[in-house]
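With chain A held as given, fit chains B, C and D onto it using these hints.
These protein sequence lines are chains A, B, C and D, in that order.
Start counting at 1 in the first sequence, then tack on 18, and there's your number in the working numbering.
Start counting at 1 in the second sequence, then tack on 18, and there's your number in the working numbering.
Start counting at 1 in the third sequence, then tack on 18, and there's your number in the working numbering.
Start counting at 1 in the fourth sequence, then tack on 18, and there's your number in the working numbering.
Because identical chains cannot be distinguished in the list, a pair is counted as satisfied if it fits within a single copy or across any two copies.
Straight-line Cα separation of at most 20 Å, SDA-like style, residue types lysine to any residue; simulated pairs:
id, residue 1, residue 2
1, K198, R284
2, K47, I91
3, K198, Q212
4, K377, H439
5, K267, D250
Hint data in this document are derived by calculation from the structure and do not stem from the laboratory.
Keep in mind the model is a prediction, meaning the values are calculated, not measured.
There are 4 protein chains.
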Amino acid sequence: MSASSFFKRLLKEVVHPSENLRVERQARKAVDLCRALLTEQGEFSGASLAQDVLAAYRDLPEPGVSAFFRHLIHEFSPDSNAILGAADAYRDEPSWDRLLALQQVVEPARQELFRRLNVAPGGTAALVAMRRQVLRGLREHPDWRVIDADLAHLFGSWFNRGFLQLSRIDWNTPAIVLEKLIAYEAVHQIQGWQDLHRRLEADRRCFAFFHPALPREPLIFIEVALTRGMSDAVQPLLDVRAPVAEPQKADAAIFYSITNCQDGLRGISFGNLLIKQVVQELQAELPRVGRFATLSPLPGFRNWLEGAAANPHGVARGEAAVQALQHLQTPDWHQRPELAEPLEPLLLQLAAYYLLDVKQDGEPMDAVARFHLGNGARLERLNWLADVSEQGMRRSAGVMVNYEYRLSDVEENHEAFAREHRVIASSDVRRLARAARRHLSAGQDQAPPRKEGKRRRKEAKED
Amino acid sequence: MSASSFFKRLLKEVVHPSENLRVERQARKAVDLCRALLTEQGEFSGASLAQDVLAAYRDLPEPGVSAFFRHLIHEFSPDSNAILGAADAYRDEPSWDRLLALQQVVEPARQELFRRLNVAPGGTAALVAMRRQVLRGLREHPDWRVIDADLAHLFGSWFNRGFLQLSRIDWNTPAIVLEKLIAYEAVHQIQGWQDLHRRLEADRRCFAFFHPALPREPLIFIEVALTRGMSDAVQPLLDVRAPVAEPQKADAAIFYSITNCQDGLRGISFGNLLIKQVVQELQAELPRVGRFATLSPLPGFRNWLEGAAANPHGVARGEAAVQALQHLQTPDWHQRPELAEPLEPLLLQLAAYYLLDVKQDGEPMDAVARFHLGNGARLERLNWLADVSEQGMRRSAGVMVNYEYRLSDVEENHEAFAREHRVIASSDVRRLARAARRHLSAGQDQAPPRKEGKRRRKEAKED
Amino acid sequence: MSASSFFKRLLKEVVHPSENLRVERQARKAVDLCRALLTEQGEFSGASLAQDVLAAYRDLPEPGVSAFFRHLIHEFSPDSNAILGAADAYRDEPSWDRLLALQQVVEPARQELFRRLNVAPGGTAALVAMRRQVLRGLREHPDWRVIDADLAHLFGSWFNRGFLQLSRIDWNTPAIVLEKLIAYEAVHQIQGWQDLHRRLEADRRCFAFFHPALPREPLIFIEVALTRGMSDAVQPLLDVRAPVAEPQKADAAIFYSITNCQDGLRGISFGNLLIKQVVQELQAELPRVGRFATLSPLPGFRNWLEGAAANPHGVARGEAAVQALQHLQTPDWHQRPELAEPLEPLLLQLAAYYLLDVKQDGEPMDAVARFHLGNGARLERLNWLADVSEQGMRRSAGVMVNYEYRLSDVEENHEAFAREHRVIASSDVRRLARAARRHLSAGQDQAPPRKEGKRRRKEAKED
Amino acid sequence: MSASSFFKRLLKEVVHPSENLRVERQARKAVDLCRALLTEQGEFSGASLAQDVLAAYRDLPEPGVSAFFRHLIHEFSPDSNAILGAADAYRDEPSWDRLLALQQVVEPARQELFRRLNVAPGGTAALVAMRRQVLRGLREHPDWRVIDADLAHLFGSWFNRGFLQLSRIDWNTPAIVLEKLIAYEAVHQIQGWQDLHRRLEADRRCFAFFHPALPREPLIFIEVALTRGMSDAVQPLLDVRAPVAEPQKADAAIFYSITNCQDGLRGISFGNLLIKQVVQELQAELPRVGRFATLSPLPGFRNWLEGAAANPHGVARGEAAVQALQHLQTPDWHQRPELAEPLEPLLLQLAAYYLLDVKQDGEPMDAVARFHLGNGARLERLNWLADVSEQGMRRSAGVMVNYEYRLSDVEENHEAFAREHRVIASSDVRRLARAARRHLSAGQDQAPPRKEGKRRRKEAKED
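Okay, chain A solo, but in the shape it has when bound (with noise of 0.2 Å):
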């Protein structure tokens, strides 16, 4: 909460003692609501009384929400001493009774509110708008986490990929659904309906996962570039009065946007799954093409960058290095060649070691790079001034990846990421990274030399 929103409402409070008790009344009448939703036995009514907890609910002004949470964490959590007693139970005797017994009394009564809120016409979304509330007060209200586990356990659940359906974007879908496209695209901005048609033309794909009881909305959707070689820049997939080519000619698909769109489903993951399906789509509509890849940002890059610069036992060691990189604070460097070219090969291997040598928790710092290499997908090339836009500058130094997915090794390299965090990566890129390290003082970041030294052997079994 901001100082003056904290203000606001402080002033609310004192000038309008009468307004709280209203809105506080507001709460406790949507809390009954729930409570009878809850006793309710024979669920005869239970759609049109769910219909009437979201309405009051949608009906709370900003503090009656929080009220109503409030409510909800300490009036529907299990019951501390009949958590002990069970417990205690099943210490004196670990049944399989006493084990259930135990299960079912520490589950919170909101799970089943939420189950029961879910029978209203348009339940789901309400529920998933709730979740959106609530991560966005964590911060605020630390004890909102409860509610929030509640609802992630319940959409883990109703949200399971079994569930989902695949469906091809394109021209012909319902302006509804593409209307959202263009609101929620959060890597490359789609700039009105004409940037989006382009992305939808024959030498396109797109393709969103939807659920049964969300129709219309997409949870999450991809957008693939149909090219002859691997590309090596956005700019020209972006854009609109691009020549559109022939599907049939393509031997690569380029996967150049990933977006989920709903806030309320974080943490449910559904990208993995998303690209495996859309690679086997196109290789059965489109047999011609071989290749499918990324076109990825770096987009901790150059804050990594800076903070290593400034280490005093940081990034650049060589005068001419540390000179380099301060061409970076100069705007549009990248359209004068006399500072970009001497920049080329020192970001590049600066690159590749932030990607295959700076970790967090043992993983690449990287979260684009954490995602798809923990997929399976094999980092395969670095592309010099391959996003110029402002956002690709100021975040990735202008720099993309190409990760690409191999159906072939995609499982192997996953396991290998998920067992021992080793990253498989072209010899190229090994090699950037290897010049990188000349450049670095050893031990700066948290990969320590050992594991180092392991990881090389591995590499080198490689290619």
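Here is chains B, C and D on its own, set in the frame of chain A:
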């Protein structure tokens, strides 16, 4: 397990130790695949691994299934020590975090396993089939209730009524669905396609709930006849040669059959919501229809009657009554007026008494009565010789009930029943029950006299 | 009209002159509605007026229909004088405008009437039914061919194959369509739902053409068995208990039944296109299927044989042959080897001769042969005792033919047949025909010897 | 053909005689394919041959198209001698058979050719496009009317309203259809997707006719606003920022735009039926809507006014009136009250006169009036400054009309108009027209005074 099958099995074990070994190895392999599926972190290959598990499970011979379930119980249940540790931690400091930790630790890994199996194509159907197998073996293997609890918990979430789709079934429905109605119908057996066709004519309605993950597989369905006046006999409704009436002229909708289709979903209740939605559909389509009632059997009536009659202090005290009841043993008594006529008043009284006064745990002993009264229906009318089929005579002595759904009263009735097990009945039915009580020795049934008095007072207020 | 129905009608006319008057008035009213529909200029109320006409027509008793058609013929045909005037004008100056004027004046107003009737809900179906009635009465009322010509002309346009939709029929198809297959099947009767289900199993395919204005009403359908090797007998294909084969292992697709469903569309041909599209569908779905052939009856074979045998200069000259053919009169001769065996070579030779040499207007006399050969199929094989059903024995003496569709040759074959009535047959079949010719007195059939010579030379070039 | 395009063509012919030869050869080839398609008897390969013809036609450069059409006219028209022979035969004996023979012989082979072309995938769309090309060239090539007549005849049959499907268009409609609305809209141009979205909000309805063979291609569409009271100005309806009203509260449905989409279907009328069906749809959905009216321009009003004003005996006799009308030349006069106010009574009177009295061939000269009055609508109200867009001012002097569709009167109105060109107008509008007549010199328009008298009497009976 019957004696002979036990013997066969024993024989097998003696004769073919190597066979046993082979089966055990097969079960082991299936379990290992389960473990792989669970430890697989990135889940990129989850769907194909899940498919492998389900194939391995399906291929298991019967003893292999037992072994498989045994492993599921012992290897995928929560760890006792971990539970006790988490419980102690919670006792020391009953914080939200420690509660969440305890919740996590008591949840069996099986639940996550089942969630991941669901990702396979046809996974949901396979899990429903697995629970059917578990339920069937429960008597022989009481341990399996642990697995049942996990599946029931998941299904309660997955088959939340918010995810179900109500569909009208008629002659435009795909044959693959229609043949399932023929197979599943549990109340009045469908005698082939001609019978089915008659039940889907213009003067009938049939609705079913479907789940998106089980396409073309009804979960529950209900058959409705559109009639003039409330039907008092079921044979005319089942007559395939009955002329088709004009639906626009009907003023009543008679629910004459409701069938739960999926053994594997036992205990996940759909019926009450189905009835409510169907009433709403019919009101929208046919505004002239004003009455909504069932034509239902009393499946436990004859059974109870025989028990009670055998009781020396039992059902019928008068000589004449005892004699009359003996006629029920005569085959085809209902076709002989000299036997049937004297029975009519007596049996109807006893039926009313059976429905209103005979209780189990405070609720009506009759399962059908419990269901409809629990939904808020009203016990409207008893019908003499209303089902003269072999089954109708054997179970209900030919009597049938109209439970009427008056939407305006349904919630109130439902609540009265839910809170106080109060049964709402028409004055005619109550009069019959009062008459019956005079034939009966007081106190013979579970209902204590005190309650009787209370109920009688309440009943007096109605009508 | 049969004598008795004629007599009944006569009687009616004598007894009920007032009845006649009533019917005539009813027909008059229908015609007046037609006139209103035609003169209605703005067409705003066309649909409801058209509906009125069709209702009035449907309500007409049989004699009223005749009166109605009589009026249609005499009041909605083009005006003689107008035609002759337009013809004279065109003769004077054969300009485009005068040609257009003549074209307009010769078109009966009936065609516009039918076009306007089509606007009513269900109009197309009603007009197809009307033509069925016209065709059925054609023998008794030759005048009706005028109406038939108009409807046929319109249907030729409306049922243009560009408007037809090919749909696969299987167990997912609505029952309302499936029951029509049972009703319509004209080649091998379908014995109820179980038989139908077997014909729609995984090793079968069934396709139909539909028209958007006749939903759920197949125009023509074809049944296909997926087999290993080209089927040589139909009973195995019709056996409801035959095990279901794996479609992936099939190398041949056998078209064993093709049925035109709508009498009212007689002469509007769909069959050739249906076969071609079905072959393409099957090739796409099952690349391992390499042969596409029919298993067809010779519906006119026995008939021709008997005529020819009765001819003193006829079919079989040798004593032995004549004697053998007499066995065909013996019931169940095919189950008695001592009768059947000697017949085999003789009958196959005669069947080959019947198909290759017996002509009508230069084309094969056998309608089925004419259809498939006209489509470009190849007369591939004759099969002995391939259809031993009552009908198969009575019409085809148990013999069946495989007409094979080789897509690479189909156009050439078709053209050869279309231009010169040249029949493409395998060398086996040609050999059989040559052998037959030796049994036969020359010149007995329509095919003159000169042509024989020409054909023989051509045949020699093949295989 | 403009002078410059003629010159360009001439130049081409002079400079590239070989080019001409090539084009002519290309057209010849297309025609030869047509001939093959027509003589192909079995039609087995019809679809692919038809596809070839259409491809060849599409590839023709413009001069090739002319050559192609020339061949179509001269080689596929009926034979003069055959026609005259058949006409003579019919004269000799005017029997049904000879009439049928004559009908056949006058039908150009082109019609059968077009029917066969329709079999190609996309054939119908290609033929509609072909007719558009024919219509566009008609002025330069009057001969092409022969082709036009054939296509119009076929389309009249194929696009029979019985085959059209009414679909609601809204934000759930595929983008590929919506973008066509933007492109086609002919009355009030759609300014991009935001404007379109506003026109499809909850307080609007949009319906279109589709033909099954032209999927996703609207033939005609209508835009409706749901309002309280009958709209008297169009700008509020076109305002993208106008708040969305609740449809349940509307009591009027205003048809503010109706657009024919397909030039190639010119003359095949759909509009009247569309309005009738839309009225029925709206009545079913929104029973509170009681008025159905258009808000229509008077597209020929200004034009007529200027012609009439220029006439010395013309429109306005009084000095003041003449002066007022001159203000119409002043840009933005409608925003200057001192100019607009004096014009209001005068212009409304003239508009009423224009709609009621100014005729062409006995019907209203104004095309929009002719359409709606011909459909049976009633000229209900004239609205001052109702369309102040550039086009609205230029064509209609800002005036708009409400034509009201009262279903109860529509047939009677329609007939009155169809038979006697009688215009049904409200008393207000008639009063305005009477006032106008006083400003005008008698006899200046086509309507003779006698008729005036007759109409005036009739009008008196109404209201």
